[in-house]
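*Asks:* As they're listed, the protein sequences go chains A and B.
Heads up: the first sequence is residues 1 to 342, going by the working numbering.
Heads up: the second sequence is residues 1 to 190, going by the working numbering.
Think of the hints as simulated: they come from the structure by calculation, not from any bench.
C-beta: ideal position from N, C-alpha, C; glycine also.
Errors might be hidden in some of the hints.
Straight-line C-alpha distance at most 35 Å; calculated DSBU-like pairs for lysine-lysine [what the hints assert, rightly or not]:
| hint | chain 1 | residue 1 | chain 2 | residue 2 |
| --- | --- | --- | --- | --- |
| 1 | A | K65 | B | K187 |
| 2 | B | K34 | B | K187 |
| 3 | B | K102 | B | K76 |
| 4 | A | K76 | A | K65 |
| 5 | A | K65 | B | K166 |
| 6 | B | K14 | A | K69 |
| 7 | A | K150 | A | K16 |
| 8 | B | K166 | B | K186 |
| 9 | B | K166 | B | K184 |
| 10 | B | K166 | B | K14 |
| 11 | B | K177 | B | K166 |
| 12 | B | K168 | B | K187 |
| 13 | A | K191 | B | K14 |
| 14 | B | K166 | B | K187 |
| 15 | B | K14 | A | K65 |
| 16 | A | K150 | A | K79 |
| 17 | A | K324 | B | K22 |
| 18 | B | K186 | B | K34 |
| 19 | B | K34 | A | K65 |
| 20 | A | K324 | B | K14 |
| 21 | B | K177 | B | K187 |
| 22 | A | K324 | B | K186 |
For the chain B half of the interface with chain A, some residues (derived, Cβ under 10 Å), not all of them [as the list claims (entries may be wrong)]:
| hint | residue |
| --- | --- |
| 23 | I36 |
| 24 | T37 |
| 25 | R39 |
Pair ranges (Cβ atoms, derived) [said to hold, decoys possible]:
| hint | chain 1 | residue 1 | chain 2 | residue 2 | range |
| --- | --- | --- | --- | --- | --- |
| 26 | A | L135 | B | G29 | 39 to 47 Å |
| 27 | B | K168 | A | W305 | 33 to 41 Å |
| 28 | A | G195 | B | D19 | 29 to 37 Å |
| 29 | B | T37 | A | F290 | 30 to 38 Å |
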Amino acid sequence: MPDIATLLQVLLIVVKVGVVTMILFGLPLPLTWLERKVAGHIQVRLGPWRVGPHGLLQPFADMIKLLFKEDIVPYKADKLLFNLAPLITMVPAFAVFVAIPFGDSVMIPFINKEVTLYISDMNVGILYILAISGLGVYGLILGGWASNSKYALLGGLRSSAQMISYEVAMTFAAVGVVMMTNSLSLVEMVKAQSGSFLSWNIFYLPVGPVWFVIFLIAGLAEINRIPFDLTEDEGTLAAGFHTEYSGMKFAFFMLAEYVAMVTISILAVVMFFGGWNAPLEVPVPIPPIFWLVAKAAAFIYFFMWIRFTLPRYRYDQLMTIGWKILIPVALVNLLVTGFMRI
Amino acid sequence: MSRKGFDLFDLIKKVLFTDFVKGLTVTLGYNISKSITMRYPDEEKWIPYRRFRGLHTLNRDENGRELCVACELCSKACPTGCITVIPEENDSGRGIADRVAKVWTVNLVRCLFCGYCEDACPTRALRLGREYELACADYSCTLMSRDQLLVPQPVPESIPGGYVVKSKLERTPQGIKVTVDLSKFKKRSI
Numbered sequence: 001m002p003d004i005a006t007l008l009q010v011l012l013i014v015v016k017v018g019v020v021t022m023i024l025f026g027l028p029l030p031l032t033w034l035e036r037k038v039a040g041h042i043q044v045r046l047g048p049w050r051v052g053p054h055g056l057l058q059p060f061a062d063m064i065k066l067l068f069k070e071d072i073v074p075y076k077a078d079k080l081l082f083n084l085a086p087l088i089t090m091v092p093a094f095a096v097f098v099a100i101p102f103g104d105s106v107m108i109p110f111i112n113k114e115v116t117l118y119i120s121d122m123n124v125g126i127l128y129i130l131a132i133s134g135l136g137v138y139g140l141i142l143g144g145w146a147s148n149s150k151y152a153l154l155g156g157l158r159s160s161a162q163m164i165s166y167e168v169a170m171t172f173a174a175v176g177v178v179m180m181t182n183s184l185s186l187v188e189m190v191k192a193q194s195g196s197f198l199s200w201n202i203f204y205l206p207v208g209p210v211w212f213v214i215f216l217i218a219g220l221a222e223i224n225r226i227p228f229d230l231t232e233d234e235g236t237l238a239a240g241f242h243t244e245y246s247g248m249k250f251a252f253f254m255l256a257e258y259v260a261m262v263t264i265s266i267l268a269v270v271m272f273f274g275g276w277n278a279p280l281e282v283p284v285p286i287p288p289i290f291w292l293v294a295k296a297a298a299f300i301y302f303f304m305w306i307r308f309t310l311p312r313y314r315y316d317q318l319m320t321i322g323w324k325i326l327i328p329v330a331l332v333n334l335l336v337t338g339f340m341r342i
Numbered sequence: 001m002s003r004k005g006f007d008l009f010d011l012i013k014k015v016l017f018t019d020f021v022k023g024l025t026v027t028l029g030y031n032i033s034k035s036i037t038m039r040y041p042d043e044e045k046w047i048p049y050r051r052f053r054g055l056h057t058l059n060r061d062e063n064g065r066e067l068c069v070a071c072e073l074c075s076k077a078c079p080t081g082c083i084t085v086i087p088e089e090n091d092s093g094r095g096i097a098d099r100v101a102k103v104w105t106v107n108l109v110r111c112l113f114c115g116y117c118e119d120a121c122p123t124r125a126l127r128l129g130r131e132y133e134l135a136c137a138d139y140s141c142t143l144m145s146r147d148q149l150l151v152p153q154p155v156p157e158s159i160p161g162g163y164v165v166k167s168k169l170e171r172t173p174q175g176i177k178v179t180v181d182l183s184k185f186k187k188r189s190i
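The following block holds chain A by itself, in its conformation from the complex (with noise of 0.2 Å):
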């Protein structure tokens, strides 16, 4: 019999897995008004405008139409794997956030007890993370096999060659971040990088900001966003391995998409902008988890921005970027950053 302390913790997890699962569902829906807002701007439009004041209530109504809409099987798909495919990109997407920090520990006011923004603090938090949103790649060719239709399986196929060629680019930056903070916890990299925003990781002269970049290519690649979003390309594949799906499986891919955004977006900031450290010392008492929020939110408009700036690389370019660019960088940057740490 477990005695009520333990029990306290195990109720206190999963309180926390809910709220951030219920945020990481609600998350979508600002993103997807603010994205459609950004490509409206720069394209000198108004984007969503007419339902709701400044068009905020679209989400809501894209959402009702998602869920009503007719839920279409191809014929002669595979009903399992298809069913089966949404779900296995979203669950690894949900899944990462499990080793994310969000912050330091709190004081809760009222009941009095510390409590940490975190799920888990795994001291091989970075290799967990890596290694589960690799997993996300085979909703994307289970969904694309599935679907019995020739673009789709082209999207799939595009998608592994992708995320095989780019998680071996990331995977370098992770072990930059690593070596110059010395663990593989995220909460320590954090810690790491206190004080000014000189001690952040991108400062970290001279390997710091290539690291960053190739972070940065190798993170946009794993996305799918442009200018690598070669699977979902809809000028030579309609739609990618999406395109026979529809309603909420359709937007089940989506919410893996977002989420994995957020995700880059976070680890970018955990591991080279000094997580929730203030850039400099304020003298108004600021909660650390708003720089957190305020750092990621300024990549996720970047992602948004640079979509709307590039045009999509071509295969055979996205495979040179990949493997006769980015993957040699790393391994000069690499031994730099071996010989800076002796």
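Start from chain A and add chain B according to the hints.
*Replies:* Leaving out everything else, chain B in the frame of chain A:
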């Protein structure tokens, strides 16, 4: 990829992502600039210039007499033959002459708004006005008769046009209507 040899300047440009930064600056500039979308008909409406050729209008002189003398030149000049004029004798002072139009209709489905009719008109009775909201749910609005065209149009001749005014979309059981406030206007931002 050119094989002209090693270009240090090009390499530095690539390492510093100068082309990317240039592109991103351009899009950021557009992102913070004002949108050029006109919010018609909810908030704004474009008032065309005087030269605009919209719905026909039949004018009166300052005493309120019809300027049209039913000479039928407009219907003769019309390339599609969409104007029907039937003259009649009327000396009650309805028109400026004894000859007035008994029937003056224009078939807007046929009309191509070329403006030959207003060029042909000897008394400047006929003008192509600035009304361009001509859509309707049935054929009732495609045949415009004299009585409808004699009603002055919402944008008077005195306004030069070429700008955006505030407007409002009104939904009534009779249909939808765009009302404009001509007192304040602004140039269209480009």
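*Asks:* All hints, please: hold or fail.
*Replies:* Verification of the supplied hints:
1. About 39 Å separates the Cα atoms of K65/A and K187/B, which puts this hinted pair outside 35 Å; it is violated.
2. Of the supplied pair hints, the one linking K34/B and K187/B holds, its CA atoms being roughly 14 Å apart against a limit of 35 Å.
3. Taken as a hint, the K102/B and K76/B pair is honoured in the structure, with Cα atoms around 17 Å apart against an allowance of 35 Å.
4. Restraint check for K76/A and K65/A: the C-alpha separation of about 26 Å stays at or below 35 Å, so the hint holds.
5. Taken as a hint, the K65/A and K166/B pair is honoured in the structure, with Cα atoms around 33 Å apart against an allowance of 35 Å.
6. Between K14/B and K69/A, the direct Cα distance comes to roughly 46 Å. Violation of the 35 Å bound is thereby established for this hinted pair.
7. Distance restraint check for K150/A and K16/A: the Cα-Cα separation of roughly 42 Å exceeds the 35 Å cut-off, and the hinted pair is therefore not satisfied.
8. About 9 Å separates the Cα atoms of K166/B and K186/B, which keeps this hinted pair within 35 Å; it holds.
9. Restraint check for K166/B and K184/B: the C-alpha separation of about 7 Å stays at or below 35 Å, so the hint holds.
10. For the proposed pair K166/B and K14/B, the alpha carbon gap of about 49 Å is over 35 Å, so the pair is violated.
11. Of the supplied pair hints, the one linking K177/B and K166/B holds, its CA atoms being roughly 14 Å apart against a limit of 35 Å.
12. For the proposed pair K168/B and K187/B, the alpha carbon gap of about 18 Å is at most 35 Å, so the pair holds.
13. A C-alpha spacing of about 34 Å is found between K191/A and K14/B, which places the hinted pair at or below 35 Å, so the restraint holds.
14. For the suggested pair K166/B and K187/B, the alpha carbons sit about 12 Å apart, so the restraint of at most 35 Å is met.
15. Restraint check for K14/B and K65/A: the C-alpha separation of about 45 Å exceeds 35 Å, so the hint is violated.
16. Among the hinted pairs, K150/A with K79/A is consistent with the structure: their alpha-carbon atoms are about 17 Å apart, no more than 35 Å.
17. Between K324/A and K22/B, the direct Cα distance comes to roughly 25 Å. Compliance with the 35 Å bound is thereby established for this hinted pair.
18. This hinted pair checks out: K186/B and K34/B have alpha carbons roughly 15 Å apart, not beyond 35 Å.
19. Taking the CA atoms of K34/B and K65/A, the gap is about 31 Å. The hint holds against a cut of 35 Å.
20. Using a Cα cut-off of 35 Å, the hinted pair K324/A and K14/B holds, with the two alpha carbons roughly 15 Å apart.
21. Among the hinted pairs, K177/B with K187/B is consistent with the structure: their alpha-carbon atoms are about 23 Å apart, no more than 35 Å.
22. At roughly 56 Å between alpha-carbon atoms, K324/A and K186/B are farther apart than 35 Å, so this suggested pair is violated.
23. Because the beta carbon of I36/B sits about 5 Å from the nearest beta carbon in chain A, less than 10 Å, this interface hint is met.
24. For T37/B, the suggested interface contact is upheld, since its CB lies about 5 Å from the closest CB of chain A, less than 10 Å.
25. The beta carbon of R39/B is positioned within 10 Å of a beta carbon in chain A (closest approach about 8 Å), and the interface hint is therefore held.
26. As the Cβ distance of L135/A to G29/B is approximately 40 Å, the hint placing it in 39 to 47 Å holds.
27. The hinted range of 33 to 41 Å is satisfied by K168/B and W305/A, whose Cβ atoms lie roughly 36 Å apart.
28. Checked against the hint of 29 to 37 Å, the C-beta distance between G195/A and D19/B comes to roughly 35 Å, which is consistent with it.
29. Here the CB-CB span from T37/B to F290/A is close to 34 Å, well matched to the stated 30 to 38 Å.
The earlier numbered hints that this structure contradicts are 1, 6, 7, 10, 15 and 22.
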